[in-house]
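Enquirer: As they're listed, the protein sequences go chains E and W. Count along the first sequence starting at 1, add 127, and that's the number in this note's numbering. Count along the second sequence starting at 1, add 127, and that's the number in this note's numbering.
Hints are supplied without guarantee of correctness; some may be wrong.
[To be verified] Below, computed lysine-lysine pairings styled on DSSO-like, alpha-carbon distance capped at 30 angstroms:
#, chain 1, residue 1, chain 2, residue 2
1, E, 284, W, 243
2, W, 176, E, 315
3, E, 176, W, 316
4, E, 176, E, 207
5, W, 281, E, 164
6, W, 315, E, 281
7, W, 195, E, 315
8, W, 241, E, 316
9, E, 181, W, 316
10, W, 315, E, 313
11, E, 164, W, 311
12, W, 281, E, 315
13, E, 318, W, 316
14, W, 281, E, 243
15, E, 284, W, 316
16, E, 241, W, 309
17, W, 237, E, 220
18, E, 220, W, 195
19, E, 243, W, 316
20, E, 243, W, 313
21, E, 195, W, 311
22, E, 241, W, 164
23, E, 281, W, 318
24, E, 241, W, 176
25, W, 224, E, 316
26, W, 243, E, 313
27, W, 241, E, 220
28, E, 181, W, 164
29, E, 318, W, 318
30, W, 309, E, 176
31, E, 281, W, 220
32, W, 207, E, 315
33, E, 243, W, 311
34, W, 164, E, 311
35, W, 195, E, 224
36, E, 241, W, 220
37, W, 311, E, 241
38, W, 313, E, 164
39, E, 241, W, 315
Hints were generated in silico from the structure; no laboratory data involved. In this text, all values refer to a predicted model and were calculated from it rather than measured experimentally.
Listed below, chain by chain, are the residues.
Protein chains: 2
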Amino acid sequence: MKRIIMSILMCLLMAGLVYANEDAKTMDTLSVIHARKSVRNFTGAPVSKADLDKIIRAGMAAPTAGNKQPWSFIVITERKILDDLAAGLPNAKMLTKAGAAIIVCTEPDKANGKSKDFAIIDASLAGENILLAIESLGLGGVWTAAYPYEDRMKHVKMVLNMPQEVIPLNVIAIGVPAGQDKPKDKYKKEKIHWERW
Amino acid sequence: MKRIIMSILMCLLMAGLVYANEDAKTMDTLSVIHARKSVRNFTGAPVSKADLDKIIRAGMAAPTAGNKQPWSFIVITERKILDDLAAGLPNAKMLTKAGAAIIVCTEPDKANGKSKDFAIIDASLAGENILLAIESLGLGGVWTAAYPYEDRMKHVKMVLNMPQEVIPLNVIAIGVPAGQDKPKDKYKKEKIHWERW
Chain E
128 MKRIIMSILM
138 CLLMAGLVYA
148 NEDAKTMDTL
158 SVIHARKSVR
168 NFTGAPVSKA
178 DLDKIIRAGM
188 AAPTAGNKQP
198 WSFIVITERK
208 ILDDLAAGLP
218 NAKMLTKAGA
228 AIIVCTEPDK
238 ANGKSKDFAI
248 IDASLAGENI
258 LLAIESLGLG
268 GVWTAAYPYE
278 DRMKHVKMVL
288 NMPQEVIPLN
298 VIAIGVPAGQ
308 DKPKDKYKKE
318 KIHWERW
Chain W
128 MKRIIMSILM
138 CLLMAGLVYA
148 NEDAKTMDTL
158 SVIHARKSVR
168 NFTGAPVSKA
178 DLDKIIRAGM
188 AAPTAGNKQP
198 WSFIVITERK
208 ILDDLAAGLP
218 NAKMLTKAGA
228 AIIVCTEPDK
238 ANGKSKDFAI
248 IDASLAGENI
258 LLAIESLGLG
268 GVWTAAYPYE
278 DRMKHVKMVL
288 NMPQEVIPLN
298 VIAIGVPAGQ
308 DKPKDKYKKE
318 KIHWERW
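Generate the whole structure from the sequences, applying the supplied hints.
Expert: Structure, rendered in structure tokens:
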């Protein structure tokens, strides 16, 4: 009898370990959505190409009007380029400590109905997938706006040798979080209208 | 000895059930991002208010320029309103079989720098969170564009009694998937530029 109880206890312990491990490795989507925050403080550690590949793949899984996929992505890991970007972007000084950056680009000519609106919306959805992928991998990221600021877009295009017709929507800084950035609670009941406005 | 083996086997079965259940309930974020698809075929079953609340909360957790939160959300479950929306929206006929809909709204006057661009981008990010939340709950959804089509926006505003200054970005149909919609693989290596364009 004692041996049976012992083996049951050991099995329960095993089940617990499996459960806990699964939880840590693959935090569920709603938790990641609520845990996502703008991380502006990085340790300076690098970000692996394997992680960056997963992050970009998440971006390309976003919905896109008429399946036009007007987006493209510039992925940067070189220290000098990150610093050159930071030098001309007042809102992206954290790039000097980031391990990488992704610029989500978009082209109105390639969007549904050649619409700039769809180009911006599609690229925004890809950008949100990227932010959530970053959070889910235990990394930190922050969307710094390039669009709609003419001066910031000009700087990004110049540093990255981009064609004139391509819009750099943002510069997403990516790195290992230093730990001080926390998610905001933005829930407001008055923003919800049931059935009608 | 036989009893010990039996109890071990039973415990392993339990562990397996716990694991499988966890997996189904909380599929990890990257998997949900890649599993998300535009679901246009619904069983006609209702969507619970509890699920809709989770979905809206995910929307409000999106990033927003200058923390301005220019968004708001109309949540519809009434059959007649869903059908009235469908009647005037050529791209949203699936609403007649959907259990619910969410309209992500936005107001340029409330956005960062009163920018229409930021109003649209912020609402788009909330919309993507909503689509991922829908998928993660085992439901199906599809973003049907209201913006930038003047005629569609006019119809949505009229049916839902919306103020003129509020933009209905989309109508997201939500329901129990009938099963025939599959995710697209949109990965294209040539869309990625390493270090520079």
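Enquirer: For each hint, tell me whether it holds in the structure or not.
Expert: Quick rundown of the hints versus the structure:
no.	hint	result
1	E:284 <-> W:243	holds, 23 angstroms
2	W:176 <-> E:315	holds, 17 angstroms
3	E:176 <-> W:316	holds, 14 angstroms
4	E:176 <-> E:207	holds, 17 angstroms
5	W:281 <-> E:164	violated, 35 angstroms
6	W:315 <-> E:281	holds, 26 angstroms
7	W:195 <-> E:315	holds, 12 angstroms
8	W:241 <-> E:316	holds, 23 angstroms
9	E:181 <-> W:316	holds, 12 angstroms
10	W:315 <-> E:313	violated, 35 angstroms
11	E:164 <-> W:311	holds, 28 angstroms
12	W:281 <-> E:315	holds, 26 angstroms
13	E:318 <-> W:316	violated, 40 angstroms
14	W:281 <-> E:243	holds, 21 angstroms
15	E:284 <-> W:316	holds, 21 angstroms
16	E:241 <-> W:309	holds, 26 angstroms
17	W:237 <-> E:220	holds, 26 angstroms
18	E:220 <-> W:195	holds, 22 angstroms
19	E:243 <-> W:316	holds, 24 angstroms
20	E:243 <-> W:313	holds, 21 angstroms
21	E:195 <-> W:311	holds, 12 angstroms
22	E:241 <-> W:164	holds, 23 angstroms
23	E:281 <-> W:318	holds, 21 angstroms
24	E:241 <-> W:176	violated, 38 angstroms
25	W:224 <-> E:316	holds, 28 angstroms
26	W:243 <-> E:313	holds, 21 angstroms
27	W:241 <-> E:220	holds, 24 angstroms
28	E:181 <-> W:164	holds, 18 angstroms
29	E:318 <-> W:318	violated, 37 angstroms
30	W:309 <-> E:176	holds, 29 angstroms
31	E:281 <-> W:220	violated, 42 angstroms
32	W:207 <-> E:315	holds, 27 angstroms
33	E:243 <-> W:311	holds, 23 angstroms
34	W:164 <-> E:311	holds, 28 angstroms
35	W:195 <-> E:224	holds, 27 angstroms
36	E:241 <-> W:220	holds, 24 angstroms
37	W:311 <-> E:241	holds, 22 angstroms
38	W:313 <-> E:164	holds, 27 angstroms
39	E:241 <-> W:315	holds, 20 angstroms
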